[in-house]
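With the sequences and hints as input, model every part of the structure.
These protein sequence lines are chains A and B, in that order.
Per my numbering: the first sequence = residues 11 to 244.
Per my numbering: the second sequence = residues 11 to 244.
Accuracy of the hints is not assured; some may be wrong.
Copies of the same chain look alike in the list, so a pair counts if it fits in one copy or across any two.
In silico lysine-lysine, BS3-like type, Cα no more than 27 Å apart, as pairs [unchecked claim]:
{"#": "1", "residue 1": "Lys124", "residue 2": "Lys227"}
{"#": "2", "residue 1": "Lys170", "residue 2": "Lys228"}
{"#": "3", "residue 1": "Lys163", "residue 2": "Lys227"}
{"#": "4", "residue 1": "Lys124", "residue 2": "Lys228"}
{"#": "5", "residue 1": "Lys230", "residue 2": "Lys166"}
{"#": "6", "residue 1": "Lys230", "residue 2": "Lys124"}
{"#": "7", "residue 1": "Lys157", "residue 2": "Lys227"}
{"#": "8", "residue 1": "Lys121", "residue 2": "Lys230"}
{"#": "9", "residue 1": "Lys227", "residue 2": "Lys79"}
{"#": "10", "residue 1": "Lys121", "residue 2": "Lys228"}
Since the hints were made in silico from the structure, they are not lab data.
Protein chains: 2
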Amino acid sequence: MNGTVYMVPVTMGESSVENVIPSGVISNVVRLRYFIVENTRTARRFLRAVDKTFPIDDSVFFELNKHTKPDEIEHFMQPLYNGNNIGVMSEAGVPGVADPGALIVEYAHSKGIKVVPYVGPSSILMSLMASGLNGQNFAFNGYLPVKGGERVKSLKHLEKRSLTENQSQLFIETPYRNNALVDDIINACMPETRLCIAADISLDTEYIVTMPVRLWKKNKPDLNKRPAIFIIQA
Amino acid sequence: MNGTVYMVPVTMGESSVENVIPSGVISNVVRLRYFIVENTRTARRFLRAVDKTFPIDDSVFFELNKHTKPDEIEHFMQPLYNGNNIGVMSEAGVPGVADPGALIVEYAHSKGIKVVPYVGPSSILMSLMASGLNGQNFAFNGYLPVKGGERVKSLKHLEKRSLTENQSQLFIETPYRNNALVDDIINACMPETRLCIAADISLDTEYIVTMPVRLWKKNKPDLNKRPAIFIIQA
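Have a look at this one:
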């Protein structure tokens with residue numbers, strides 16, 4: 011019988027494992043010996059944080075990132091055909107959403123292999139929960155275009171969609187460009203459009219505030235190098 | 011100083027608390043004495059499952075649902091102004107997303123009250139993680155129209171958007187109408203469009219499968235009365 015693919019969450023930054031990962035998940039993860047991971051060093055560090063005696067040297071880590079070639083994925087799956095389970099881990103938070111992990115899941119489904127998602131921290135979900143914006147209809151748009159003109163156009167498009175479809179719009183930016191993005195949102199969006207800025211989710215420095223754009227103008231936070239999610243709703 | 015609003019997850023169905031809620035979250039929740047909940051009976055049952063000695067009778071439960079009037083919300087917030095923390099709980103999974111909890115959060119932000127999201131199970135997030143479909147760009151659309159013609163139109167619209175914007179499209183249905191929805195998807199969507207059906211997330215009967223529509227035609231699962239999430243991507 012084939013093994014199962016487990017989608018294993020990790021912490022986001024320096025938060026304590028107990029606060030963000032259920033104990034039942036941890037008990038199961040420490041039994042795994044095969045892993046497909048976005049970054050081997052981070053994955054090993056996480057497993058050691060979870061269990062000081064975890065047998066890192068008796069475990070196998072396959073690295074899945076933008077350099078991975080399609081034919082390598084078939085190789086990563088071999089342990090499953092031998093009846094072993096595999097854990098998939100991203101660099102931060104839950105895997106399979108904003109990381110390459112979905113490739114493994116897609117492949118698993120094509121071979122009839124079972125995939126089980128575990129509960130863990132997600133900045134997308136947690137920012138939405140704490141935003142007060144529409145969670146009954148929302149879209150996560152990933153990164154917006156970097157170039158000024160295209161980005162303003164994209165922001166106006168998302169703002170309009172949030173109004174016409176009553177769909178709140180989430181997006182992210184490379185952390186060192188967060189402050190520039192906030193400036194663009196303030197300039198591109200209407201004064202009454204609500205903007206939620208959620209930074210450092212699950213960390214001691216967590217910051218989640220929702221206000222109309224006109225109030226953000228006078229209260230711009232410094233988000234430089236802080237992982238953040240942005241949500242707008244007109 | 012004002013209290014804090016904590017977004018408290020609960021189990022989805024009969025899963026064990028240890029598997030879906032971090033121990034650090036549980037330790038904090040059992041210290042709360044004020045709750046704003048979608049259903050008081052479910053909330054009390056959850057607190058007893060978490061801690062047999064939880065002082066239910068010394069705690070205050072405000073019920074927030076579609077019958078709640080706007081002026082009641084101001085009343086619910088009073089404990090916060092007195093420095094007490096409040097936990098918000100929905101009927102299943104994390105609050106503030108597909109439930110009325112967002113109203114409380116919106117109100118809290120308007121008063122400058124801090125909101126903290128806790129980690130817990132979300133069928134939206136977990137189905138996406140285990141679907142293999144695009145998690146870098148996705149939309150949750152809630153319920154589709156019930157009437158046949160409108161529903162087919164809506165499905166075709168979402169399928170087209172998934173293609174033109176490369177945005178996977180999630181939606182739900184009242185569980186007793188799931189089988190009819192699957193028939194509509196199979197009829198409305200193109201044979202190669204991928205459909206993920208995720209049912210009973212986090213339960214022993216969990217079922218998550220992604221296949222092209224043409225393969226679902228011959229392998230229709232019975233989803234009657236099982237909570238399910240549907241994801242399409244053309």
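Original post:
How would you classify Lys121 and Lys230 at a CA-CA limit of 27 Å: within, between, both, or neither?
Top reply: Cα proximity of Lys121 and Lys230: across copies only (18 Å, versus 49 Å in one copy).
**OP:** Can you give me the call for Lys227 and Lys79, within, between, both or neither, at a CA distance of at most 27 Å?
**Re:** Close neither inside one copy (45 Å) nor across copies (32 Å); limit 27 Å.
Original post:
Using 27 Å as the alpha-carbon threshold, which applies to Lys163 and Lys227: within, between, both, or neither?
Top reply: within (20 Å within a copy, 41 Å between copies)
**OP:** Evaluate Lys124 and Lys228 at a C-alpha cut-off of 27 Å and name the case that applies: within, between, both or neither.
**Re:** between (51 Å within a copy, 19 Å between copies)
Original post:
For Lys121 vs Lys228, is the C-alpha pair at or below 27 Å within one copy, between two copies, both, or neither?
Top reply: For Lys121 and Lys228, the Cα distance is within 27 Å only across copies (17 Å; inside one copy 54 Å).
**OP:** If the cutoff is 27 Å on CA atoms, where do Lys124 and Lys227 land: within, between, both or neither? Let me know, please.
**Re:** between (49 Å within a copy, 20 Å between copies)
**OP:** Go through the copies and call it for Lys170 and Lys228: within, between, both or neither, with a Cα cutoff of 27 Å.
**Re:** Classified as within; 24 Å inside a copy, 41 Å across copies.
**OP:** Indicate which option fits the pair Lys230, Lys166 if close means a Cα-Cα distance not exceeding 27 Å: within, between, both or neither.
**Re:** Cα proximity of Lys230 and Lys166: one copy only (20 Å, versus 41 Å across).
Original post:
Is it within, between, both, or neither for Lys230 and Lys124, if the alpha carbons may be no more than 27 Å apart?
Top reply: between (46 Å within a copy, 17 Å between copies)
Subject >> Alpha-carbon proximity context of Lys157 and Lys227, limit 27 Å >> reply: within (22 Å within a copy, 45 Å between copies)
Checked against the numbered hints above, the structure violates only hint 9.
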